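Asker: Residues in the sequence shown are numbered consecutively from 8, following our numbering.
Hints listed in this document are in silico derivations from the structure and should not be mistaken for laboratory results. It should be emphasised that the depicted structure is a prediction, and the values quoted were computed from it without experimental measurement. All residues carry an ideal CB built from backbone N, CA and C; glycine is no exception. Please note that a few of the clues may not be correct.
Label pairs and their in silico Cβ distance ranges [stated by the list, open to error]:
| no. | residue 1 | residue 2 | range |
| --- | --- | --- | --- |
| 1 | Gly-74 | Arg-33 | 37 to 43 Å |
| 2 | Arg-33 | Gln-92 | 36 to 42 Å |
| 3 | Asp-104 | Arg-68 | 18 to 24 Å |
| 4 | Thr-97 | Ala-34 | 36 to 42 Å |
| 5 | Cys-21 | Glu-93 | 31 to 37 Å |
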Amino acid sequence: MSKCIAILTGGGDCPGLNAVIRGVVRAATLKRNWQVLGIEDGFDGLVGTPRLRPLTIESVRGILPRGGTILGTSNRGNPLAYPVQEGGKTKLIDVSDQVLANFRRIGAEAL
8 MSKCIAILTG GGDCPGLNAV IRGVVRAATL KRNWQVLGIE DGFDGLVGTP RLRPLTIESV
68 RGILPRGGTI LGTSNRGNPL AYPVQEGGKT KLIDVSDQVL ANFRRIGAEA L
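Using the sequences and the accompanying hints, generate a full structural model.
Answerer: Below, the structure is given as structure tokens:
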């Protein structure tokens with residue numbers, strides 16, 4: 008049985024993120040025969056209902072010249088201090104248990 012790994016991009020855009028995503032997908036798929044899942048919008052993609060997409064050789068073809076990240080990102084998605092609205096005010100709460108539970112639910116063995 009092949010393994011499943013997940014990748015996300017967090018902290019904002021920077022040059023080379025798509026190249027890294029493509030490299031991980033190619034190495035995991037071609038060298039290890041692993042399945043790769045992309046988590047959309049950084050750690051925000053593991054809060055609530057997980058936002059996932061399968062990443063394949065075909066889905067990452069042609070992404071090198073594209074700017075940003077095909078997965079989206081968030082620089083506010085800190086699972087230890089996640090902003091929520093409560094009573095008209097923003098409160099920071101720890102959602103790390105929810106993120107870990109969702110990570111386990113998707114069946115990935117590494118992030």
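Asker: If a hint holds in the structure, say so; if it doesn't, say that too.
Answerer: Status of each hint after checking the structure:
no. : hint                            : result
1   : Gly-74 with Arg-33: 37 to 43 Å  : violated, 20 Å
2   : Arg-33 with Gln-92: 36 to 42 Å  : holds, 41 Å
3   : Asp-104 with Arg-68: 18 to 24 Å : violated, 37 Å
4   : Thr-97 with Ala-34: 36 to 42 Å  : holds, 40 Å
5   : Cys-21 with Glu-93: 31 to 37 Å  : holds, 32 Å
This entry does not satisfy hints 1, 3, going by the numbered hints stated previously.
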